[in-house]
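Peer 1: Protein chains in written order, with our numbering: chain A, 1 to 312; chain B, 313 to 585.
What the hints contain is simulated information worked out from the structure, not anything from laboratory work. It cannot be assumed that every hint is accurate.
Stated by the list, open to error - Among chain A residues calculated to face chain B with C-beta under 10 Å, some are:
1) Val40
2) Ile141
3) Ser300
Treat the numbers as computed from the prediction; the structure is a model and nothing was measured. Ideal Cβ placement from N, Cα and C applies to all residues, glycine included.
In case you want the letters, here they are:
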Amino acid sequence: MAEPTTMGIPRDGQEGGRKPSFFGRSEIGAAYVLLLPMLVLFGCAVVYPLIDTILLSFTDLRGMAPGKWIGLRNYTTLFGDSNFRAALSTTIVWTLVVTALSVGIGWGLAIVCSLAPRATLVFRVMFFAAYGVAETVSGFIWLGIFRPNTSGLVNAVLAGIGLDGWTNAWLGNVSTALWCLMAAYAWTQVGLPLMTCFASIQTIPKTLFEAAYIDGARSTSIMRYIVLPLSMPGLRVAIFINLLNALRAFDMIFVLTGGGPVRSTETIGYFMFRESMLQFKLGYGAAATVVLLLAVVVISIPAIIKRTAEAT
Amino acid sequence: MNNRRSLWIPVLVGALAVLWIIPLVGLLLTSLRPPGDITQGWWRLDNFSLTLDAWRSVWTKYPLAAAFWTSFKLTVLSTLGTMLLAPAAAYAFQFLSFPGRRLILIVIVNAFVLPQQVVIIPLFTLWRDTGLIDSLWSCVIPFVGMSFAWSVFLVKNFLEDFPKELIEAAKVDGCTPLGTFWYVVLPNALTPIAAVGILQFLWCWNSMLLPMLYLRSEVPLTVLLARVAGSFEPNLDQQSVAAIITMAVPLVIFITFQRYFTAGASSRTGGKE
């Protein structure tokens, strides 16, 4: 497209035929000026760490000593390491249970709330509030709830209803710690599925309900054939985000159990922290991170395809 | 909706919601009751009295004010960085053509899947070698850098519906691409920029892992609380005050602007409003 000029007179005192200056009319120049700060920061905070983590996972970098290339040895050690295999199965249980719990509860609540959207507004915000609390704070709170003696809420309730025999050092017991941790984490995560599913259901046009009502549909069939299928978009978003959140969870595990007792609550996201930042086995920790990364990428493939299509 | 139905639903959901925030109520009561009265739990109603002692004494017990200031600096710097740079990038992606546009865009918008564990080791060695450990920038840089994965996408989605005529008119009037961004697009894109700012503020304020690893002398509230929580000290009332102060600022913002968060959630996965 030709540059717009007024009757051949150069505008703004520009000489005619001047080459577009870098900061001037050139789109390419302007684009890179606008993008440069973002690209530098993104490169430093995302691209470089991503590549470096992968490269480091092939070295035996430890503490301050320079690492040397050892090929796949970190990975073979990793899969022979019983602690890592335990962390792997903990991660699978943790991710699936936490997501099922939080999305299940949130979805159910969203459907119930959608029957009385106005009257439940305040209550929805109450559920959602837990999602805005820092995981560190949630961890601190749940530490008090699971306290081993009767000053912990769970034990006090059990003692109060006559189940004294069930009282337990919840977080100090290998067989219960993970379940308590999952309950606490699910508590923080319910708000999001509640909100996304509720938003999905709210987009259902009122006329659809009216038509169904006029046709004599019972509320159970309205639920089955209208509300359930149409809450799917919100449900899918919620499942995906909650899976990702559970996989990368760290803060709450750190505060509540620190991975213990005897490393029974370590997910891969925690395992890599312990190996690299507490034991200073940086190369080994990087290899564990790559495994975590692979898990994340695999469950994200549909989202990546969708997002790529939408963004371009 | 008949009356019978519209009555039991709020009652049921309300009861569950109250149950849901009992942990938060417990936190508040622990901070307000004398520690001697609640050795058997904050819910015990024998000897019920309230006191602000813990709220007064906590400031000398823990470096809470300093941690609040660190949280504030860290969060504000990271939030401003994202609010300034994400719209610029989104504008370039949406309205300008340049080589590499598609590839860069695809890489950036898909980086949201990366867990923050990925940056820990490389940035730890990088900051150690460059002496940035213990500087606020060691956290601000990854906070801003990682935020582009969702913030650019969120603003760009908004700009897709931006009237092209305005851009064309600016061009015809002789406005440069940079001028168009500054004078035409930016003032009309305040909604998504606010949304980005709120999400980023909350995320940065609540984050604990990177500050815990990269900051030593000046730590934000979350790191201070994590240290306190693991200390097995008996002063639960003061610890609870610290926890409330840690969550108060983001919680107020979160509840006030909760609409943005559902929008933000969909922008993190690709769904549009």
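Peer 1: Hints first: check each against the structure and report whether it holds.
Peer 2: Now the hints, each set against the structure:
1. Val40: holds (9 Å)
2. Ile141: Ile141 (chain A) check passes; min Cβ-Cβ to chain B is 5 Å, inside 10 Å.
3. Ser300: It holds, given that the least Cβ distance between Ser300 (chain A) and chain B is near 4 Å, below 10 Å.
When each numbered hint is compared with the structure, no violation occurs for any of them.
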